[in-house]
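If you want the building blocks of each chain, they are given just below.
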Amino acid sequence: MAVADSLPGEFDVIVLGTGLTESIIAAACSRVGKSVLHVDRQAYYGGNWASFTFSGLLAWIEENKEAFSKEEITEWMNDINEGEEIILLNSSDKSIMNVEVFNFASQDPVEDVKEEASLQKKDDLFLTVDLVEDLKEEGSSQRKDDLFLTVAVAESFESGIEKSPDTYVNEHPAETLEHNDVCTSSQKKNPELSIDEKRSVNVCKTSVAETRKTITYSQIIRESRRFNIDLVSKLLYSRGSLVDLLIKSNVSRYAEFKNVNRILTYQNGSVEQVPCSRADVFGSKQLTMVEKRMLMKFLSFCIEYEQHPEEYADFKERTFSDFLKTKNLTPNLANFILHSIAMVLDTDLTTEGLRATQHFLQSLGRYGNTPFLFPLYGLGEIPQCFCRMCAVFGGIYCLRHGIRCLVVDKETRRCKAIIDSCGKRISCGHFLVESSYLSDDHHQKVKYRLISRAVLITDRSLLKADSEQLISLVTVPPLKSGQPAVRIIELCSSSMTCMQGTYLVHLTCSSVETAKEDLSPVVSKLFSENMKAGEKGEVEAERPNVLWALYFNMPDFSSVERSSYDLPNNVYVCCGPDSGLGNDCSIQQAEHIFHQMFPDEEFCPPAPNPEDIVYDGDGTPPEESVFKEHGESEVGDGEERTLDTKYLVTSTTNEAEDAQESVKEIPTE
Amino acid sequence: MHGRIKLKTTEEQAEQKQKERLKKLHFYETTRSACFAKRKAGILDEEGLILSGQLLAANPDFATLWNFRREIFLHLKEEKNPEELQTLFEKELSFLETCLRVNPKSYGTWHHRGWVLDHSPHPDWKVELELCSKFLQFDERNFHCWDYRRLVVQRAEVSPQEELEFTHKLIGTNFSNYSSWHYRSTLLPLVYPDTECRVGRADEEALLTEYELVQNALFTDPNDQSAWFYYRWLLGRADREETVSCLYISREGQRLIVSFSHPVNVLLPRDELILFVDGLPLRVTWKSPHPQLKRSAIWICELPPNTINAACSEHNFKVHWRDGRIQRECILYKGRSESWCRDSATDQQLFRCDLSVEKTTVLQSELNSCTQLQELEPDNKWCALTIILLMRALDPLGYEKEMLQCFQTLKATDPMRTAYFDDLLSKFIIENSILKMEYAESRVVDLSKKNLTNLCHLDQMQLVTHMNLTSNRLKSLPIHLSMMQCLEVLEASDNEIESLEGLVQLPRLQEISLQNNRISKIGDLRPLASCPSLILLNLKGNPITEVPDFESELSELLPSLKDLIV
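Line by line, the protein sequences give chains A and B.
Residues 1 to 669 (the numbering used here) are what the first sequence spells out, left to right.
Residues 1 to 566 (the numbering used here) are what the second sequence spells out, left to right.
Take the hints with a grain of salt, since some may be wrong.
Derived, one-sided and incomplete: chain B residues facing chain A with beta-carbon distance under 8 Å [unchecked claim]: (1) Gly172; (2) Thr173; (3) Asn174; (4) Tyr211; (5) Phe219; (6) Thr220; (7) Asp221; (8) Gln225; (9) Leu373; (10) Leu376; (11) Pro378.
No farther apart than 27 Å at their CA atoms in a straight line, the calculated lysine-lysine pairs in the BS3-like style are these [stated by the list, open to error]: (12) B:Lys134 <-> A:Lys297; (13) B:Lys411 <-> A:Lys297; (14) B:Lys134 <-> A:Lys464; (15) A:Lys297 <-> B:Lys381; (16) B:Lys169 <-> A:Lys285; (17) B:Lys381 <-> A:Lys248; (18) A:Lys327 <-> B:Lys134; (19) B:Lys169 <-> A:Lys464; (20) B:Lys91 <-> B:Lys126.
What the hints contain is simulated information worked out from the structure, not anything from laboratory work.
C-beta: ideal position from N, C-alpha, C; glycine also.
Please construct the entire structure, taking both the sequences and the accompanying hints into account.
In structure tokens:
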């Protein structure tokens, strides 16, 4: 981290938040020669896009139970001149809600004590200096009881800095209802329920140890660093805008990818493979010859549907599912297309469905038999790759560094400067902020949605195959009407996101209720939460066992219009992750904001070859000058996922080799 | 701020690039001359390997250098002990692998690899097989690699069964793969040999499972040709056995005609044809029906005078072919003007497919599914074409009407190939006409008003005396028509005939109707001069009738002609 005192007093662009959109814009600005200060209040990169080791995730969970702080406006007010006013920002993130954790893995108590202790230490490292320590009594007492078996602590995104802890707890349920009609159930912080769950967990714990030899909780803790658990679960469309951007900007050299191997769906009570590529259709045993033809025929039409407007002209105002009914497709096929290929809702219009199907199909075959790529070590790598790019071109990084307020010129209504968490005033031309940093005053005026998320660690795949090292996308159509369609991404250990012998399973949907309420029906249909093998039915015995589960809700600001925020026009707001599978929303926003800032500059032009780079100034290679500052940010945190100085130095000098590993275009036929 | 990155200008970049290129060129040239000098001087040492390796890594298609390397290896083979040699060969293999990574489609590299393994003291062919699989995974259509794989399979003695499974795997990932399908067609007969031991054909049961596999491909992507081609192979038939199919004797003409299943040249010693008359060999001169036919399905000999005695109660004629392994016999009884002994087209199931009668139900279901596919894909020409083939395999006469309809679809969907489809249709119609004639045991064939563009199977019509070709779209009477040695009357009016080159040496041809054709020169009629029996010729409506003095010239050319209709 750049030492706050030594920061220059002026930047072209200051970026607050290290999520995907912010990082892309920071890289794009730095690439075209703008001076960039990139700041995150957390000790890790990515914000809500971050990925964590297992113990890192536990620390994050703790943090989200207790995260709120009280802050005094102090001496830095002196820096505010006449004719200026301030806009306060949140100093901590309270956007994550309804965090619930369940542990089904057996535990060895002796080992656990040790692990817990060491973990505790790590936690402390994670907590930022700005955070006021643990004021919530309920939280701290639970922590003492059992760090890992905590249940159902709903967090409010409402509690502002001015509020005292007490009022927060009391006000919480009512306020949530008031301001967020989508998440009606965040008040379901029911102590009785919590106890029940806890008890059942305890019962499992004892029985499992005797009957089955499985992966224990202490093993998970021991192998914590094998996990890279993403807060956001997305994939890259092979021909999506993120892949295009990675290739165009040469940022792809910093990351490696694995092809998603299978598209599965849950239909008629079982998990089955969706035939989506030509090879799948050819090899499918479920489809009859005529079904094969009808499916291929429809998919071929979708690839170039714009050229046959007469085919769907009558259905433009009607739903895609109605349109599918006219296409002589059997109900099975129509379901495949609607839920697993187009991945749209029953209520989505025909053109939307056709566009989604086309996008899916265009991405097929570029890198493999499915349209999707997954970054090794998790999606959290991607924002970091862009940060790397930004740093290579001189961007300055400060983690664990907050920004308290913006200084706005009353006359011009432009943001002139910011005051950081150390009280230093830094001037800027443009200010970019991730929406969760905005204070509640701003959020009260906007309507946003929520994403329901679950993270499971399981012991086997949802659908057995020859290989155990498969990445699968599973689409689960709404189980009942009114329930959301759920998207599951099952990651194997070779994706470098979980320890051997386990699978990391991400569930995502747009929230209807709390994450637990939205997702647990799907979890109980597809997985087994009861580790007692003897009591299982035969069907259930084949299901994967859940070893550990986390549920939480995350806000989705993607539908919020910029105009609904009352902010100076050189302040740009990034929406954070949306609930979609692809990343197009973030990329489009990044490009849009960049062009608003610098209309005449190119967005992420290809990075030059290393041999074409000459160093300006005193002849010191930039790696040293830029990354020395980075080195300091590593002190508190030895995790692999943060920027590694050594890696950066080699990555700029040995770019030729790195390029070999980057995304390559495999010629398709 | 210090340490900002600046980029070199394009001039600087260009200059640097130019410098590097010159450096590379210089290096390449000096290394090349060094190699050539060494080779010329006969210095075959390991330095030569290093030098040529540097060049080949950049340019693997430098055949001379691969030769140089082979010379060095052959030389070192005598100098080094086996262990040293083995390491040397292993090093060569890893060098070749890097070359292949750079260019997986270099003839020189693959060939050299095969050579190295053949000369290596301990070749590991299994490793090579894996290498092939890897390369085919990256590019399943790399025919260099397929070639090499066949070599490896041979050397490593991989079972055809394993290879069959391998092709199955490749087809599973992408069935647009001619190489894999073709490989299957060579492997199937090995893995599942035909029960009747026909060369190149597979067991019926195996064929049936193949039908299912290929249908998956057809329904998934009916526009992919590779699967249709394989399907046609499946529906295809074994080559007919070579045989003498007919022996014909004409008492009056003092001639003997031998027909073969395939065109042959009996003048070659290998295919020598020996005639026995009444048990005694008779020296005769064989000739083909047309001077241009060097290989012909029909051979004719004039019998020496007095070979046939009218008083004799019977004469036995017999031919020995292929050293007597293939024979045919025919008896000419007293009072008969001609006699023959033959296998007819119906006897030989000439136009049927291979599947036995019990399996026609399978063919029928294949036809049903293709018809179903055609309903879904009315514009697919492969489907229409296959339906035609299936109908012909099942019942060529019964499906004649449907076949004509299918051809209409074909021509409409693929107008570029109209002429091909017309020729194909002509062939099928002639086949049907031959069948009808055979069933009727007649020697008259009526092919009028059939839209024929092409004549074929004429060797099957050698006994025909009357042929009606009126109202077709024929442009010529091809040389194969000369095989119709019994032809007496030919009606070919209302065509587009310009040339009569096939009407040569037809001893019994008496009447020809060529009304409304395109014969324009007296020279076009010249072949007719070799037909001694010709008495009637109708040339009404031909351009030639406009030529002045045409009639006098014609009577000079054909003095025996009695009736000329113009």
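Okay, the hints, checked on the actual structure:
1. Gly172: Constraint on B:Gly172 satisfied, holds at 5 Å.
2. Thr173: Status holds, d = 5 Å.
3. Asn174: holds (6 Å)
4. Tyr211: This interface hint is violated because 12 Å lies over the 8 Å limit.
5. Phe219: holds (4 Å)
6. Thr220: Constraint on B:Thr220 satisfied, holds at 5 Å.
7. Asp221: holds (6 Å)
8. Gln225: At about 13 Å, which exceeds the 8 Å cut-off, the nearest Cβ of chain A leaves the hint on B:Gln225 violated.
9. Leu373: holds (7 Å)
10. Leu376: Holds. Min distance 5 Å.
11. Pro378: violated (12 Å)
12. B:Lys134 <-> A:Lys297: violated (32 Å)
13. B:Lys411 <-> A:Lys297: Holds, at roughly 23 Å.
14. B:Lys134 <-> A:Lys464: holds (25 Å)
15. A:Lys297 <-> B:Lys381: Since the Cα atoms of A:Lys297 and B:Lys381 sit roughly 16 Å apart, the hinted pair holds (cutoff 27 Å).
16. B:Lys169 <-> A:Lys285: At roughly 15 Å apart (the allowed maximum being 27 Å), A:Lys285 and B:Lys169 satisfy the hint.
17. B:Lys381 <-> A:Lys248: The given pair, whose Cα atoms are some 42 Å apart, is violated under the 27 Å limit.
18. A:Lys327 <-> B:Lys134: violated (41 Å)
19. B:Lys169 <-> A:Lys464: Between B:Lys169 and A:Lys464 the Cα gap is close to 19 Å, so the pair holds against 27 Å.
20. B:Lys91 <-> B:Lys126: Measuring from Cα to Cα gives roughly 17 Å; hence the hint holds.
When the structure is compared with the earlier hints, violations turn up for hints 4, 8, 11, 12, 17, 18 and for no others.
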